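Number of protein chains: 2
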Amino acid sequence: MTHIERQSPRPAMPERFDEEFDIIVAGAGGVGLAAALFARWLGNNVLVLEKADAPGGTTQKAAFWYWVPNNEPMRALGIEDRREDCLRYMARLSRPEQYDPDHPRFGMSEWEYEAYEAIYDNASVATELLANKGALEYRHCAAVPDYWAEIPEDKAPTGRVLLPKDACETMSDGGKVAIRTMLAAAARDGIGVRTAHRVQRVVQDARGRVIGVVATRADGGHIALKARKGVIFATGGFTHNVEMRKNHLSAPVLGGCAARTNEGDFVHIGAAVGAELRNMNYAWMCPIVLEKALQQDPGLIGTFSPSGDSMIYVDKNGRRVTNEKLAYNESAQAFFQWDPAKCEYPNLVLIAVWDRRSQEHSASDEYGRFIVPPGADAAHVISGRTLEELAAAIGARMAQYSSVIGGMRTSEDFAANLRATIARFNGFARAGKDLDFRRGERPVELLFNGPTAATPSAPNPTMYPISDEGPYYAALLTGGNLDTKGGPATNARGQVVDRMGEPIPGLYGAGNCVASASARAYWAGGATLGPFLAFAYLAANAAHREPVN
Amino acid sequence: MTHIERQSPRPAMPERFDEEFDIIVAGAGGVGLAAALFARWLGNNVLVLEKADAPGGTTQKAAFWYWVPNNEPMRALGIEDRREDCLRYMARLSRPEQYDPDHPRFGMSEWEYEAYEAIYDNASVATELLANKGALEYRHCAAVPDYWAEIPEDKAPTGRVLLPKDACETMSDGGKVAIRTMLAAAARDGIGVRTAHRVQRVVQDARGRVIGVVATRADGGHIALKARKGVIFATGGFTHNVEMRKNHLSAPVLGGCAARTNEGDFVHIGAAVGAELRNMNYAWMCPIVLEKALQQDPGLIGTFSPSGDSMIYVDKNGRRVTNEKLAYNESAQAFFQWDPAKCEYPNLVLIAVWDRRSQEHSASDEYGRFIVPPGADAAHVISGRTLEELAAAIGARMAQYSSVIGGMRTSEDFAANLRATIARFNGFARAGKDLDFRRGERPVELLFNGPTAATPSAPNPTMYPISDEGPYYAALLTGGNLDTKGGPATNARGQVVDRMGEPIPGLYGAGNCVASASARAYWAGGATLGPFLAFAYLAANAAHREPVN
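Quick note, the sequences are listed as chains A and B, same order. Each residue of the first sequence is one higher than the last, beginning at 1 in our numbering. Each residue of the second sequence is one higher than the last, beginning at 1 in our numbering.
Keep in mind that the hints were calculated from the coordinates and are not lab data. Be a bit skeptical, because a hint or two may be false.
Put simply, identical chains are the same to the list, so a pair is met inside one copy or across any two.
Said to hold, decoys possible - Straight line, CA to CA, 25 Å or less: simulated SDA-like cross-link-like pairs of lysine to any residue:
1) Lys246 to Pro340
2) Lys133 to Gly192
3) Lys133 to Leu77
4) Lys155 to Glu344
5) Lys246 to Glu84
6) Lys342 to Ser250
7) Lys246 to Pro104
8) Lys176 to Lys342
9) Lys133 to Asn541
10) Lys165 to Arg75
11) Lys342 to Asp436
This one's a predicted model, so the numbers in the text were calculated from it and none came from an experiment.
Turn these sequences into a full structure, and let the hints steer you where they fit.
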């Protein structure tokens, strides 16, 4: 992979421009390509710059479900999704500590509420336009529930999720499809996409208007490009910037599955022209396989689906500490539990343990599952013929990483506790009821349960007794990011705003490189991409309306 | 209180300066005054600007213990505090998830490790200079333990804490003493202190050097002041900026006891000249009385000392969820527990409950105690003749605030659960052992236990059975800040650094307005002010050495 060094983000005023365009888009992931298409369809001359060697960004790795409130298929089916209801649902989950059902904005700030309005009002419009232009056709996932389908504030618990039309039956490869079809549309419609170009800074005129960018190539060469109307950033979050993670996120995250190029470039570049930074503390979160994160594996996919019914997570003491089937954004929180008396994160690494049944019937190379089929990369899988052998192997594996996980090791009574934990879990599995953590009681937990053996079955499809006989398997997990949620704040037109709340003329952003008003929430599958398409549409339209400079 | 509106932080280049000085200090709290004194004693012409109507800042409200590793009295007493040991202790607590005993920097980044070195090497030097000049004389608190005195990495568990010499016997008013003596020294030595002047932005020359500030007064008038050598910011954190709290802190904090003027001014001003922001996610934390926080009471003091042996905290269901006597920074974490299945912070408000014994023997108006003596402001105290009456009153009080605490209310079985909880706690108190949360087992818990009845006594001085007879009392608590820990990053000379890690010439910072490398840790009492004095000293010395412009 080409690496292009980061340089100073301070805005420049080059003596001359090498080329000029109406609108320049930084980032050729799904959001950048969508913004470029929207801008092009309005008649603009558009260029897309991409730091990586190939377009696609994080989208290329994503399932690309997209959450579109009150979408066209819902309306066609007569599924009601009222604006007020949907805004209420978003507010309830984003800032639960401030949610007030009787407040005109449900307790949210103006910035947050206007963002939710922008999503509701534009995601479907953007989606239909992409579909009608043949850039991103979809199919409706009518049965997929929101991640909080059971709460009373969710008045449309199913129906909001769309998927690229040609995605596979298991709905896991929508990102590849979307990038392919959007790139084809970009080529068809005359949008240039230049890879291996890292945008280093914007060009700002004497009045503070952003009128271009300076990018560098792998050979060290510079290029100064004029944007007659504006620049739209869609360069992703800061998941792979270790210092930013440590100094901004609310939890000690060791990695994530964003594209490796997501290093917080727009935090630097936006801040350098006075952008207000918001929501820097939150991320779209997911359990991840510890070893893949530590090895900075570019193929890392978040554990969206913790498959296996005869599978549990245990801590370093061999005890269950969480409901393994929680939706991924919430499941990740279990890893960040703090022990205020010992000054440690006791669950920073948890251990998934499963038996032959789950290995044979729940293995899959999709959705970041850690139970993988024969032939797949299984370097992270630990095994043992007996529980004691497994426990010893887990201890040895964890010890290898001890210096980078705060000295964590399995306890001396790990094997004995694990045996007792399995006995207790097996009782729950036979009864169909998890008295400790209520596993499998919510719709979202069934959604991500993954493949299981059809027979023999147990009363709760998410739990089956772990066998008394080996072999047994395990994997080390930690809490990670899909990508971060913080960055320069934008208004409801996609304009980046400064520290007085005023738009910075000519500067736009969308996707994970700018602040998401969702705060800690993950409203549903596709609550990333659906809203992003709305903001890509808004940014493209607002940039289009800028006076030409 | 004079309010001076915030204006744009974008750096200015005024046509002329109204006055000029060698060094300008923004903020007349303890850190700003110390920096000004250090700079003055090097021969500089120094001015201090303060936004509030009076000097003192947060320091005025502080006990002003100051943690000074390897201090002069320790050396005189032969208490060993080796550099490597002390740096190890700081590292172990600051980033426990990265602590590596065998790493040359114990797993910390260069920035963090250099900050710890700077503290160890300079806190005592700064302290001695302040004492020798009569600006801040101290007494040694030889018996006060570090907050993690029991961990093996603490090789000097007592002896690092100093206190202003004339502070009262209970050691609670050191801040008032320190501000008085430092102000007297400033007046004696010719340092101007101008209150009701809000620094809005720095002045930057064409080469990017900071050469002054623009401040506004309450009447709207501007003043442009030249700093021939440099500007040192010591304007406090962002505890009272609601949007910054929401968008940066790792927890849903509702307030804190920093000076009301601590609104993140230097985050805006520093970022506007390209400063890198670090450690924005962490704060010095403390439980606080909910109602005082919601009313923005400028007199709010964090609950440093949760006094009362016959006192417990219960949740909205009437159940204990934490060790009430944890050191304040850790105790605050209990309020931020997340329920990943219900999407709520179930402990955002906890309820302290106590009986007549604690009311009569543990009341105090010091250290933010919620059990207050007759005559003190007791608006936050809820009472009832019976437990049932108390429970009803707690429910009614909490309901008043329900719209701003995420709809929280006490459960229907609150009173019954409270009765059972008290019975269980009373058993622990009689046995002297808290089987649920290990209350009173660590040195720091005894340090802050507060006054109690001498007789009758129980085996564990932190626990006494709650009476079977009323009256009973309660107070609503939440997790809060002393102040925040994030802001522009400085290097080990106190210079603010930009997003490439390069110093911004002429710009310095110290105290809560800049990033603290302590991350989530609170090493000991005074781990705020001791290190701050080291950095004030370093910043003053480095600014003094700047070429005159």
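Structure versus earlier hints, numbers of those that do not hold, lowest first: Failing hint: just 8.
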